[in-house]
Amino acid sequence: MLAKLLLLFTVVPLIELYVLFKLSDVIGGGMTIVVVAATGFFGVILAKSQGFLVLRSLHGDISRGYMPQNDIFDGLIVLVGGAFLLTPGLFTDFFGLCCLIPVTRKFIKVQVKSWIKRKIENGDNIIIINKK
Numbered sequence: 007m008l009a010k011l012l013l014l015f016t017v018v019p020l021i022e023l024y025v026l027f028k029l030s031d032v033i034g035g036g037m038t039i040v041v042v043a044a045t046g047f048f049g050v051i052l053a054k055s056q057g058f059l060v061l062r063s064l065h066g067d068i069s070r071g072y073m074p075q076n077d078i079f080d081g082l083i084v085l086v087g088g089a090f091l092l093t094p095g096l097f098t099d100f101f102g103l104c105c106l107i108p109v110t111r112k113f114i115k116v117q118v119k120s121w122i123k124r125k126i127e128n129g130d131n132i133i134i135i136n137k138k
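Mapped onto the numbering used here, the consecutive letters of the sequence shown carry residue numbers 7 to 138.
Bear in mind the hints are in silico, worked out from the structure with no lab data behind them. Source: prediction; values computed, not measured. Each statement offered as a hint is correct.
Here are the simulated lysine to any residue pairs, SDA-like style, with alpha carbons at most 20 Å apart: (1) Lys54 x Ala89; (2) Lys119 x Pro74; (3) Lys123 x Gly81; (4) Lys115 x Gly57; (5) Lys115 x Gln75; (6) Lys115 x Gly88; (7) Lys112 x Ile122; (8) Lys54 x Leu85; (9) Lys28 x Pro94; (10) Lys112 x Met73; (11) Lys115 x Tyr72; (12) Lys10 x Gln117; (13) Lys112 x Phe79.
Turn these sequences into a full structure, and let the hints guide you.
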């Protein structure tokens, strides 16, 4: 797992930098900065609006006495999407947008639930908490 994370945190930024440099060759450095800043700005706005919608739904489910399982997953995916949109780069922006748009977020939620279910069925650890 550590090797996968190390690979993720080294390879993805290198790819992002390469794409940004190539984009700046095509549209210019100034426009590339504008594109990166605009995706970050609009990402914050979209993350905030989607976050409030998820919180409203979560509050409604709790007040009706329902377990807000889907809303919790939606909230986590919106949080991750917002973080990706704040990270400079086109691939992370694309993934962040996918996490924030409800239609694609639903697909991601199904995939995450399926992954967690497989981990539980295999007896794999998902989260380790050290209590001292």
